[in-house]
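Asks: Since chain A is already given, all that's left is putting chain B on it; use the hints.
Now for the letters of each chain:
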Amino acid sequence: MSKLLDINDLHVIYKTDEDNIYALNGISLSLEEGETLGLVGETGAGKTTIALSILRLLPEKTGFVTKGEIFFSGMDLTKVTDADMRAMRGNDMSMIFSDPMSALNPIHSVGDQIKEVLVLHNPNLKNEEIDKKVDEMMEMVGIPSERKTDYPHQFSGGMKQRIVIAIALACRPRLLLADEPTTALDVTIQAQVLKTINDLKEKINTAMLLITHDLGVVAQVCNSVAVIYAGEIIESGTVRDIFDNEERHPYTNGLFGSIPDLVNKSPRLTPIEGLMPDPAKLPPGCAFEERCPRRMEICAAQKPDAIGYGSGSHFIKCHLFSVSKARDRDMEVLSSR
Amino acid sequence: MNGARVSVVTAPKIKVKKKSQSRVIWTRFKRNKLVLLGMMVSILMLTAVLGADLYLNYETKALDQNIRNRFQPPSSEHWFGTDQYGRDEFARVIYGGRISMFVGIATVIVSLSMGSIIGSLAAYYGGRVDNILMRVMDVFLAIPSTLLAIALISALGSSLFNLILSMGISQIPRMSRIVRSSIMSIKEMEFIEACRACGTSDARIICRHILPNAMGPILVQVTQTVARSVITIASLSFIGLGISEPTPEWGSMLSEAKNQMRYYPHLAMFPGIAIVLSVMSLTLMGDGLRDAMDPRLRN
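So the protein sequences, as listed, match chains A and B.
The opening residue of the first sequence carries number 280 in the numbering used here; numbering runs sequentially from there.
The opening residue of the second sequence carries number 65 in the numbering used here; numbering runs sequentially from there.
Chain A on its own, in the form it takes in the complex:
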């Protein structure tokens, strides 16, 4: 299968008056047609920054890509002209925002807002055809098309998010960036909306980058997972690699320790102590060193590299595994003697 999206060693900084904030520090990830990748991490880890750099919507004058490439079906998005980029947004790639309450323009009817993307990217289509497509999209997300003349405030949160999904998928994009699409919704609606996204995604064969901090959502929807911490991917692999494996990055273990478990009875959850390092002053070694329960001497001094672990798709960025790997190798050498 061909790679739809391929990000290579991406560095993004935010320049503010006081400091340079290192938001992304060498992100590499790739996504195949139709695949779903879950980006997991805590607030401020850089998940949304990845999505914004793909769309090239980093805040002007503050957000800059300093290094790296983003290939979208062979095109380097960091070098495309503004006009080409604009033609691609909404058509080839689109985004679902986390808060449906503010992602819709309050003064246009929802039908008009779905229509707008279609008109923008299909200037040759006749009005009736576009209207038909609008109706089709609304029915697809489960809202009667009679309601297309209604305004956003007349819909509930979950319905608004469906409209946002309809807008995002109206032009049948090849890549969908879903930035915490269910965070602003309550749990019952979350499940419905996720299902809508997932079913439609499979119907029109869209690849999806799902940004979330909910590991349960990842397990339900995604094919593969990347765990991001302080602007770096510290662990990546298929859902199976990460969910079924006991050997994980200590941070990933911490994330799993923070979700309630229905099987094992424990009186309390075990949160990860401490806070993420200040992205303006990143430590020279591993960014997680300060909070890591299994830290070693080498961690403070040297950045770990990504090490393949177990099956070919699982990568972990931690000295623990390079050390244990070295030990395994030594043991092998010893036993072979």
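It is worth saying that the hints were derived from the structure and are not from the lab.
Note that CB positions come from ideal geometry on N, CA and C, so glycine has one too.
Possibly wrong hints are sitting among the right ones.
To be verified - Below, a list of computed lysine-lysine pairs in the DSS-like style, where the Cα atoms sit at most 25 Å apart: (1) Lys482/A <-> Lys412/A; (2) Lys251/B <-> Lys294/A; (3) Lys251/B <-> Lys340/A; (4) Lys346/A <-> Lys358/A; (5) Lys582/A <-> Lys282/A; (6) Lys294/A <-> Lys482/A.
Said to hold, decoys possible - Counterexamples of contact, computed for chain A against chain B with all Cβ distances above 12 Å: (7) Tyr293; (8) Thr295; (9) Gly305; (10) Glu311; (11) Glu339; (12) Asn370; (13) Met374; (14) Pro385; (15) Gln392; (16) Asp458; (17) Ser537; (18) Arg547; (19) Gly553; (20) Ala585.
Said to hold, decoys possible - Simulated coverage check for chain A against chain B, where a stretch passes if three residues somewhere in it have a Cβ under 8 Å from a Cβ of chain B: (21) 375 to 382; (22) 395 to 404.
Replies: What follows is chain B alone, placed relative to chain A:
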């Protein structure tokens, strides 16, 4: 994951009778009686003024002097009486309204077009563009607008065109500030970012998404500007800088009438009432329009 089933929630078919947008605005506009009164007075005055040629003769009634008939009290023949040259006061008030309304609307067109261009550029692009444009506006704003208009008229000469131009220019700073501040708050909203993510161009975002959202405060400002220019033109004419005799104008009529105030108060009263009525009805209407057009205030 079972992605085979596609229609997740089957939408129940409901037949709902839809009201058109303008109808909804009208229903809500009607609800506020004071606003309705304002609109009725405005429309009445506008039709009376626009259709004046149908029932009045400008030359004979408003311009021709008839000294024998001077200082007549209101009667069935001369509804508002006659002035010191025997001209029909009613005709002069009506034709004076023509000038006031024309100048008011033209001023708004000048100041709104310039002000919204300057304001939206400043707000949307920010940074240096914003700084340069708004500092220039600040300089203009430091000069009282009537004074600025007087200065411009005395520099350009007193004509109707110069009058409109100078009053328009003196209103640009206010207008651009209003436009800028409302755009600033709207452009940070997420739906604007969502538009960008859909590939919408800058010009389209400004015209279709930002400006209509900023319409409320701008509309109020527009009606207030019309009202304010009616006052400004009257005061300029009152001190002799606006429209000059013999063209009828409310301000210059007041100025003439002030000498006879003691004996013939009706000469000052009618143009005065005309000014008050037009300014008040416009202000009321603006308020009501803002409330009626905002879909967020709908219930």
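Asks: All hints, please: hold or fail.
Replies: Against the structure, the hints:
1. Lys482/A <-> Lys412/A: Distance of about 16 Å is within 25 Å: holds.
2. Lys251/B <-> Lys294/A: holds (21 Å)
3. Lys251/B <-> Lys340/A: holds (16 Å)
4. Lys346/A <-> Lys358/A: holds (12 Å)
5. Lys582/A <-> Lys282/A: Roughly 28 Å separates the two Cα atoms, so the pair is violated.
6. Lys294/A <-> Lys482/A: violated (41 Å)
7. Tyr293: Given that every Cβ of chain B is farther than 12 Å from that of Tyr293/A, nearest at about 16 Å, it holds.
8. Thr295: For Thr295/A, whose nearest Cβ neighbour in chain B is about 15 Å away, the distance exceeds 12 Å, so it holds.
9. Gly305: Correct as stated: the minimum Cβ-Cβ distance to chain B is 25 Å, above 12 Å.
10. Glu311: holds (17 Å)
11. Glu339: violated (9 Å)
12. Asn370: The claim breaks: Asn370/A does not keep its Cβ more than 12 Å from every Cβ of chain B (closest is about 6 Å).
13. Met374: The assertion about Met374/A is violated, with a minimum of 4 Å to chain B.
14. Pro385: At about 6 Å from chain B, Pro385/A fails to clear the 12 Å cut-off, so the statement is violated.
15. Gln392: Answer for Gln392/A: violated, closest chain B Cβ roughly 9 Å.
16. Asp458: violated (10 Å)
17. Ser537: holds (24 Å)
18. Arg547: Label holds. Min Cβ-Cβ 32 Å, cutoff 12 Å.
19. Gly553: The claim holds: Gly553/A sits with its nearest Cβ about 31 Å from chain B, beyond 12 Å.
20. Ala585: Ala585/A is indeed farther than 12 Å from all Cβ atoms of chain B, at 28 Å.
21. 375 to 382: holds (count 4)
22. 395 to 404: n = 4 at 8 Å, threshold three: holds.
Going through the hint list in order, the structure does not satisfy hints 5, 6, 11, 12, 13, 14, 15, 16.
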